[in-house]
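Undergrad: The lines below spell out each chain.
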Amino acid sequence: MEPAKLESLLRQLREVVGDRYAFADPYEMRLYQYDASPETALPDIVVIPGTSQEVAQIVKICAGAKVAVTARSAASSLAGGTVPVEHGVVVTFARMDQILEIDIDNLRAVVQPGVVNLALSQALKPHGYYYVPDPSSQGACTIGGNVGTNAGGPHTLLYGVTVNHVTGLEVAMPSGELVQVGGRKAAEATGYDLTGLLVGSEGTMGIVTRVWVKIQPLPPAQKTLMAVYPDVETASNAVSAIVRTGILPAAIEMMDKLSIQAIEAASHAGYPLDAGAVLLLEVDGTPDLAEELGQRMSTVCRENGASEVRVARNEAERQALWKGRKGAFSAMGRLSSDFYVMDGVVPRTKLPDTLAKIDAISARTGYKICNVFHAGDGNLHPLVLFDAFKAGQYEDVLRIGDEILKLCADAGGSVTGEHGIGLEKRENIRYVFSDEDLEVMDRVRRVFDPNRLMNPGKVFPAERLEAAGLEQPTSNPRRRAAAVGAGDEMWV
Amino acid sequence: MGIEARVKALPGHQISVQQQQLMRVDGLLPSKVMRPEDADEAAEGLRLCDLVPAAVIVWGGGTQIRLGSVPGRYDIAFSTEGMARLLEYEPADLTCRVEAGMRLTDLEATLAAQGQRLPLDPPHPQRATVGGMIAANANGLGRARYGTVRDWVIGIAVAYPSGKVARAGGKVVKNVAGYDLMKLHIGALGTLGVVAEVNFKVQARPEAQATVLGHFDAALPAIGVATGLAHQYLAPSAAILLDRHVLWACGLTADWRWTLALKLEGYAREVDAARELAVRSVREAGGRVEGQDIPAAFWNAARDWSAPAEEVVLLRAVTPLLRLPALVAAIPGDAQTLSQPASGIVDLRVPPASAAIALERLRGAAAGEGQVVVMSAPGSVKPALDVWGPPPPGFPIMRALKQALDPSGILNPGRFVGGI
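Chains as they are written, first to last, in my numbering: chain A, 571 to 1062; chain B, 58 to 477.
Hints were generated in silico from the structure; no laboratory data involved. Ideal Cβ placement from N, Cα and C applies to all residues, glycine included. Hints are not guaranteed to be accurate.
Residues from chain A that keep clear of chain B, each with C-beta distances beyond 12 Å, as calculated [to be verified]:
(1) PRO573
(2) GLN623
(3) ASP801
(4) GLN889
(5) TRP892
(6) LYS893
(7) GLY897
(8) GLY903
(9) TYR937
(10) ALA961
With a cut-off of at most 20 Å between alpha-carbon atoms, the simulated SDA-like pairs for lysine to any residue come out as follows [claimed, not checked]:
(11) B:LYS258 x A:ASN734
(12) B:LYS221 x A:ARG1015
(13) B:LYS221 x A:SER1004
(14) A:LYS575 x A:ASN1021
(15) A:LYS784 x B:TYR203
(16) A:LYS927 x A:THR804
(17) A:LYS575 x A:VAL587
(18) A:LYS960 x A:LEU905
(19) B:LYS65 x B:GLN75
(20) A:LYS784 x A:LEU694
(21) B:LYS258 x A:ARG814
(22) B:LYS258 x B:THR167
(23) B:LYS221 x A:TYR1001
(24) B:LYS258 x A:ILE817
(25) A:LYS695 x A:ASN884
(26) A:LYS938 x A:LYS960
(27) A:LYS960 x A:GLY903
(28) B:LYS65 x B:GLN78
(29) A:LYS784 x B:GLU426
(30) A:LYS784 x B:ARG202
(31) B:LYS258 x A:ALA811
(32) B:LYS221 x B:LEU67
(33) A:LYS827 x A:LYS938
(34) A:LYS976 x A:ASP929
(35) A:LYS784 x B:LEU379
(36) B:LYS258 x A:SER810
(37) B:LYS65 x B:GLU98
(38) A:LYS636 x A:ARG1015
(39) A:LYS695 x B:HIS288
(40) B:LYS258 x A:LEU728
The whole structure should be built from the sequences, with the hints applied where relevant.
TA: See the structure below:
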């Protein structure tokens, strides 16, 4: 951005939020150039608004100046969704982190976008309620970010993802208006379901400034069990066998041999080191029912090839089993200095075949690939291990990732289950959608954002943006030399 | 050539006087019927209509066709009956893909053969189609527990007036690729495109089911029981409050003014515990628990009671749970009601003569935190009623979406919110 324009914009933004909360110092802004993907781009200005009205004013000022605006919270997404690839202004929600209302009577809560996911459930717990979607990053990721990506988590198998639990939104539109859409406290509103459309739109239609969510009573009891298998194929077939019995667990997670070794080295969750695959299963219910379903699932697991089934006898044992799974990604540092994570989905019945094909890719290319994933809904998270300091490895790994996503799409699945298309997969979206499909989506987008200023450069293929006569991203994202490594900031 | 002549020149079937009457909407008659055989044919048909431009009203089973304002124009009855195939079904994946014209009972039978179901129960499933359920966002009585149409649709193929078919979502239950256009079409009353194919997620049929009836002298304690149970882990899958007349219409009789019917579903052990809890809650609130066996036909009749019908003024009020008592206090004495307190929904049938007053009173009681919609009304009173109420926040965007996807305004013109 030209210095004069930058200065003028910064001055206007400071008038809205105060001097302290708008800055353009490249050193200070470095924190805001990345998410959990390998992509980075530095914004021109970072703003930290304190109210919805301030967000609306920021958006209006940026729209007037034709400057891109990207919303960002915890930035735990894997797809580059919050990387400001066209620079401009990054709006971040550290100061908008209040739970505005816990409305037990109406089974609702109202939160600001910067509220950390887990903080909401912790605040609800004394009342006996919780907010269901639980991304593995729930200790860090925010409700605003969850809305942006329509985030999932292990327990979405039974209860649905973010969109199933959001009833209304307040949104700063590109016009600078603040609009409340959806049923908010009532079950529904008249008109088109803009709430449903906005959830998962990755900040490309407006910026969410307030969220109405459903809350529900905590299950009285849970039963968690771990089943040990010789290989992922047997474990995958066991998952299908459980589903056939009519039991729908609240969560079914799978870890393969490599992952188990990394997890055990890091967190001693008690997974057997010689196992080919481990399933983590959880059911909700009354104490009697959870016990009964736990027994029934144990039997099915054993009948379908489990060499061992271990049932958590108390909350401490349950937490230990989950600790391994939720810390799986940070544990990967034990195996490799760098790794690249995918977020593909296949129909559950295609799991064995897909995992075998991923294995074949690993054997062919020589790169180790770990699998830790939501087996119940077929949401795979293959991790390709590599060394960023060896020439050519990063490029190899990107190609492998691309091949894996194609495989998922060809199996009737999707190129993203919970992290979004973002920047990284905007070409891969073609594996699942035709030009006609994307054309309609683009038309819908332009209704909200005719000048393409809201989180530009995301979701749609670059070529499609060009064909539409829209400006190309002003810079190629500078790939970080080392993809995000074994930091604590990674979860899926 | 005038519009009439150009409509006449469109492909499609000429229509007999009798058929014309059957496909009447709020007193308007179509000139022609189009019956596409698949999504591409549907898109081509729409493209030709768009060139005229000819006003299109999409017909599934017609169970929700009364919903909406009086159409601005009606040239073509666009029937989905030629698109009723099961396209894919993999029971182990708990997903299926069907054409929009499929009857709900046909889908239900296919799923039941594998011990599965779609836990949505809109009225008249033997006539209602998948596409109609989506367009009207027609939900049954199980919404507090199982959610609504938007929670079960995972993918969609839509024919647009541009002549193109475009998809969104997919076949897998977890998928965030691209925009969730399913949400845009659910409840849009066919004003943005014609839904041609739908992907659903489905679930296993529950192991056990039971019904508890609680009779009450007054509505408020019964509402208290229903909303109280909604706060329990063992919440009923349906909780409906019927007045004496509606109970009778559903095939049961009682000497009490109000009856709360609770449907309990799930694993056998869960249903036992839920039944115990339900009975205790009814008794503690001063209600009388009925022991007699409840015929399955009761729940079907209750489900169908809230269907729009040409001869009936049917209103639906939706409010936050806490506002229900205020809403109930505003119910006119001559109304019949069936409500779903755990979802904040009250359905009322009122005499045509008092419809306008009832509507005004209920909208006052909902006071901005809810909405009251006219689900159906006889042609004699409908034009005088504000079917949707004031346009919702975000309406300018809704109008712009309509403009973007149906620029000539051929789809169900004038019937939706704010005259869309």
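Undergrad: Taking the hints in turn, state whether each one holds.
TA: Structure-based check of all given hints:
1. Separation of A:PRO573 from chain B is adequate, the least Cβ-Cβ distance of about 36 Å exceeding the 12 Å criterion.
2. Every CB of chain B lies more than 12 Å from the CB of A:GLN623, the least distance being 16 Å, so the non-interface label holds.
3. Separation of A:ASP801 from chain B is adequate, the least Cβ-Cβ distance of about 19 Å exceeding the 12 Å criterion.
4. No Cβ of chain B approaches the Cβ of A:GLN889 within 12 Å, the least distance being about 21 Å, so the stated non-interface status holds.
5. The non-interface label for A:TRP892 is consistent with chain B: the shortest C-beta to C-beta separation is roughly 19 Å, beyond 12 Å.
6. No beta-carbon of chain B comes within 12 Å of the beta-carbon of A:LYS893; the shortest separation is about 23 Å.
7. For A:GLY897, the requirement that its beta carbon stay farther than 12 Å from each beta carbon of chain B is met, with the minimum near 22 Å.
8. Every CB of chain B is more than 12 Å from the CB of A:GLY903 (nearest about 27 Å), matching its label as outside the interface.
9. Every C-beta of chain B lies more than 12 Å from that of A:TYR937, the closest at about 25 Å, which supports listing it as non-interface.
10. At roughly 33 Å, the least C-beta separation between A:ALA961 and chain B is larger than 12 Å, which holds for a residue marked as non-interface.
11. Restraint check for B:LYS258 and A:ASN734: the C-alpha separation of about 13 Å stays at or below 20 Å, so the hint holds.
12. Restraint check: the Cα-Cα separation between B:LYS221 and A:ARG1015 comes to about 18 Å, which is no more than 20 Å; the hinted pair holds.
13. Of the supplied pair hints, the one linking B:LYS221 and A:SER1004 holds, its CA atoms being roughly 11 Å apart against a limit of 20 Å.
14. Taking the CA atoms of A:LYS575 and A:ASN1021, the gap is near 18 Å; set against the 20 Å cutoff, the hint holds.
15. Taken as a hint, the A:LYS784 and B:TYR203 pair is honoured in the structure, with Cα atoms around 13 Å apart against an allowance of 20 Å.
16. The straight-line distance between the Cα atoms of A:LYS927 and A:THR804 is roughly 15 Å, inside the 20 Å bound, and the hint therefore holds.
17. In summary, the hint linking A:LYS575 to A:VAL587 is supported, as the alpha carbons are separated by about 18 Å, within the 20 Å threshold.
18. A distance of roughly 16 Å separates the Cα atoms of A:LYS960 and A:LEU905; the hinted pair therefore holds under the 20 Å criterion.
19. A threshold of 20 Å between alpha carbons decides the hint, and for B:LYS65 with B:GLN75 the separation of about 18 Å falls inside it, so the pair holds.
20. For the given pair, A:LYS784 sits about 12 Å from A:LEU694 by alpha-carbon distance, which is consistent with the 20 Å threshold.
21. Using a Cα cut-off of 20 Å, the hinted pair B:LYS258 and A:ARG814 holds, with the two alpha carbons roughly 15 Å apart.
22. Using a Cα cut-off of 20 Å, the hinted pair B:LYS258 and B:THR167 holds, with the two alpha carbons roughly 14 Å apart.
23. Simply put, B:LYS221 and A:TYR1001 have alpha-carbon atoms about 19 Å apart, close enough for the 20 Å limit, and the pair holds.
24. Distance restraint check for B:LYS258 and A:ILE817: the Cα-Cα separation of roughly 15 Å lies within the 20 Å cut-off, and the hinted pair is therefore satisfied.
25. Taking the CA atoms of A:LYS695 and A:ASN884, the gap is about 19 Å. The hint holds against a cut of 20 Å.
26. Between the alpha carbons of A:LYS938 and A:LYS960 the distance comes to roughly 15 Å, so the proposed pair stays at or under 20 Å and holds.
27. Of the pairs offered as hints, the one joining A:LYS960 and A:GLY903 holds, with about 17 Å between alpha carbons and a cut-off of 20 Å not exceeded.
28. Taking the CA atoms of B:LYS65 and B:GLN78, the gap is about 18 Å. The hint holds against a cut of 20 Å.
29. Distance restraint check for A:LYS784 and B:GLU426: the Cα-Cα separation of roughly 16 Å lies within the 20 Å cut-off, and the hinted pair is therefore satisfied.
30. Restraint check for A:LYS784 and B:ARG202: the C-alpha separation of about 12 Å stays at or below 20 Å, so the hint holds.
31. The straight-line distance between the Cα atoms of B:LYS258 and A:ALA811 is roughly 18 Å, inside the 20 Å bound, and the hint therefore holds.
32. Annotation: proposed proximity of B:LYS221 to B:LEU67 holds, straight-line Cα distance about 18 Å (limit 20 Å).
33. The hinted pair formed by A:LYS827 and A:LYS938 meets the criterion: a straight-line CA distance of about 11 Å does not exceed 20 Å.
34. About 15 Å separates the Cα atoms of A:LYS976 and A:ASP929, which keeps this hinted pair within 20 Å; it holds.
35. With a C-alpha separation of about 15 Å, the suggested pairing of A:LYS784 with B:LEU379 holds against the 20 Å cut-off.
36. With a CA separation close to 15 Å, the supplied pair B:LYS258 and A:SER810 stays within the 20 Å bound.
37. Taken as a hint, the B:LYS65 and B:GLU98 pair is honoured in the structure, with Cα atoms around 19 Å apart against an allowance of 20 Å.
38. About 17 Å separates the Cα atoms of A:LYS636 and A:ARG1015, which keeps this hinted pair within 20 Å; it holds.
39. Annotation: proposed proximity of A:LYS695 to B:HIS288 holds, straight-line Cα distance about 14 Å (limit 20 Å).
40. A C-alpha spacing of about 12 Å is found between B:LYS258 and A:LEU728, which places the hinted pair at or below 20 Å, so the restraint holds.
Violation of the numbered hints given earlier is absent; every hint is satisfied by the structure.
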